[in-house]
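Protein chains: 2
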Amino acid sequence: MPTVAYQGEPGAFSEQAAFDHFGVDAIPQPCTTFDAVFGAVTDGASDYGVVPVENSLAGSIHRNYDLLMRHHLYIVGEVILRISHNLIALPGVQAPDIHRVYSHWQALDQCEQSLTRLLPGVERIQVYDTAGSVKMLAEEGRRDTAAIASKRAAELYNLSILREAIEDDATNYTRFAVLSRQPAEIAPGAACKTSIVFAMRNVPGSLFRAMAVFALRDIDLTKIESRPLQGSPWEYLFYLDFGGNAHDDVCRRAINHLSEQTTILRVLGSYPRAAAISVK
Amino acid sequence: MPTVAYQGEPGAFSEQAAFDHFGVDAIPQPCTTFDAVFGAVTDGASDYGVVPVENSLAGSIHRNYDLLMRHHLYIVGEVILRISHNLIALPGVQAPDIHRVYSHWQALDQCEQSLTRLLPGVERIQVYDTAGSVKMLAEEGRRDTAAIASKRAAELYNLSILREAIEDDATNYTRFAVLSRQPAEIAPGAACKTSIVFAMRNVPGSLFRAMAVFALRDIDLTKIESRPLQGSPWEYLFYLDFGGNAHDDVCRRAINHLSEQTTILRVLGSYPRAAAISVK
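Protein chains in written order, with my numbering: chain A, 96 to 375; chain B, 96 to 375.
None of these hints come from the bench; they were simulated from the model. For every residue, glycine included, the Cβ atom is placed at its ideal position computed from N, Cα and C. Among the hints, erroneous ones may be present.
Claimed, not checked - Away from chain A, derived, C-beta distances all over 10 Å, residues of chain B:
{"hint": "1", "residue": "T98"}
{"hint": "2", "residue": "P105"}
{"hint": "3", "residue": "H116"}
{"hint": "4", "residue": "D120"}
{"hint": "5", "residue": "Q189"}
{"hint": "6", "residue": "H194"}
{"hint": "7", "residue": "R237"}
{"hint": "8", "residue": "I256"}
{"hint": "9", "residue": "A285"}
{"hint": "10", "residue": "D343"}
{"hint": "11", "residue": "N351"}
As the list claims (entries may be wrong) - SDA-like, lysine to any residue: derived pairs with alpha carbons at most 25 Å apart:
{"hint": "12", "chain 1": "A", "residue 1": "K318", "chain 2": "B", "residue 2": "K318"}
{"hint": "13", "chain 1": "B", "residue 1": "K318", "chain 2": "A", "residue 2": "S301"}
{"hint": "14", "chain 1": "B", "residue 1": "K318", "chain 2": "A", "residue 2": "E355"}
{"hint": "15", "chain 1": "A", "residue 1": "K246", "chain 2": "A", "residue 2": "D192"}
{"hint": "16", "chain 1": "A", "residue 1": "K318", "chain 2": "B", "residue 2": "S301"}
{"hint": "17", "chain 1": "A", "residue 1": "K318", "chain 2": "B", "residue 2": "T358"}
{"hint": "18", "chain 1": "B", "residue 1": "K318", "chain 2": "A", "residue 2": "T358"}
{"hint": "19", "chain 1": "B", "residue 1": "K318", "chain 2": "B", "residue 2": "A341"}
{"hint": "20", "chain 1": "A", "residue 1": "K318", "chain 2": "B", "residue 2": "R165"}
{"hint": "21", "chain 1": "A", "residue 1": "K318", "chain 2": "A", "residue 2": "V345"}
Extracted from the complex, chain A is given alone in its bound form (with noise of 0.2 Å):
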């Protein structure tokens, strides 16, 4: 059975995502930060790693972007989960009671309309994790605090559910990759998407030269995202996501065309297309 490395506690969203691509056989490995999963996966400690890298509503998580680019591993997979969220907190306790609450900020970010109307004037408490979140108000044991996660980590738990849905808008999705120190064996003719970073200098219509390989070839961009290149104030790194398979022959050409134009060019991998899958 693989071993996966994710970042959270039990009943994190990540571990549910590494249960849905790997089968509920796979043995899931809590790690504290994004860091300690690519870490993992890199030194050996697991076969692979499972890390969000961007939510239909709050964005990307742009720390695993810039981890993809300091590691060496490849993207071999990719899992979408729609996401609902839970307002938990210890039995008994009523809404009138909560004066904070904890979660990671993204599932603080996602419930933020939510939140105002439950709980008007409610302190937000930034956890490392949703399910991160739980364990610590159980161990706390306070009445005047409530957590953001999944019904998975409230029962692991043994706290309550006092609204269920608490997330703004139900077109919550988030969007994982699977890591691996091997890139992917895909079959031929999968539908496959594949992931590239890069930088170009710094001079006007280079972003547009770099679209254009992908446009003049009907190649369709699913995500562009850009970060910032470490030493090199507003100049850019760009992660593009495109429709193919880097070994398929009009994707390498498209990515041997944008060689000439670039100053550092790494695909991160080539892995099947997933389709969206619900958790509560």
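Place chain B on chain A using the hints.
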């Protein structure tokens, strides 16, 4: 004298940006959140607002991009500060005493490697503001905790500087946007930037065609940022900065051309380009 809303406590870098832009007679008005800054300018409680939009190491402050879309204010100026961070503690406290460090997540990010070197294993605790972390430390009087902030913040709260310039990279700049209810009046011929936000139908080649609008007119893009389009998973709003004044012919034509392709398009403002200023 203009009143200028900013997020944080006295001694915050945003307050410094307000003084740099409006002069030392400006009346800074501290707010607890970025939302409150936008709110204060929108409802007339403040003449202007100053919010950070981007750091050259840690990246964009996405909340402020989202708030630009949610409110109807204009960007009327930019301020670029060269930011230096200081490790601040109670008088007499030494490095080995320190097990926790408070600061804003961007400051923690910007000092990540220094912290690992200077204070191995230190617990990083996110606080809403750099200067706020110093205020909190002063109030709590904890001798096991340090804060990361400006020299001015250390002075204001009578704490000591344990180590200067702990940022990982000297190329640490933060760019702030100056917000107003009215667009800027710009002298003809002044070197300008314009910020816009747009969304497009999600069809292959759409970003390429949007970039073409600018490239074919030799308009230089200085920044592109994608943010999730709420309610449409995996579709994006693009925030774009380019050289030029939206009222000049070439830029006006480019914006009209872009509007043929967009589902959402707003000009956030044209404003004079700024040069970087050093702050310790």
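For this session: Assess, step by step, whether the Cα of K318 (chain A) is no farther than 25 Å from the Cα of S301 (chain B), and give holds or violated.
Result: Holds, at about 12 Å.
Exercise. Is the hinted pair K318 (chain A) and T358 (chain B) satisfied, with a Cα-Cα distance of at most 25 Å?
Worked result: holds, 18 Å
Problem set entry | Closest CB of chain A to the CB of P105 (chain B) still more than 10 Å away | Holds, since 22 Å exceeds 10 Å.
Exercise. Checking the smallest CB distance to chain A, is D120 (chain B) really beyond 10 Å?
Worked result: Consistent with the label, D120 (chain B) stays out of reach of chain A, its closest Cβ about 30 Å off (over 10 Å).
Exercise. Minimum Cβ separation between H194 (chain B) and chain A greater than 10 Å?
Worked result: holds, 16 Å
Exercise. CA of K318 (chain A) to CA of K318 (chain B), is that 25 Å or under?
Worked result: With Cα atoms ~16 Å apart, K318 (chain A) and K318 (chain B) stay inside 25 Å; holds.
Problem set entry | Non-interface label on I256 (chain B), tested against every C-beta of chain A at 10 Å | holds, 25 Å
Exercise. Do the alpha carbons of K318 (chain B) and S301 (chain A) lie within 25 Å of each other, as the hint requires?
Worked result: holds, 12 Å
Exercise. Q189 (chain B) clear of chain A by more than 10 Å, beta carbon to beta carbon?
Worked result: holds, 27 Å
For this session: Could you grab the alpha-carbon distance between K318 (chain B) and A341 (chain B) and see if it respects the 25 Å cut-off?
Result: Distance ~16 Å between K318 (chain B) and A341 (chain B) Cα, so the pair holds.
Problem set entry | Minimum Cβ distance from A285 (chain B) to chain A greater than 10 Å, as the annotation requires | holds, 20 Å
Exercise. Is it correct that the beta-carbon of R237 (chain B) has no partner in chain A closer than or equal to 10 Å?
Worked result: holds, 18 Å
Violated hints: none; the structure is consistent with every hint.
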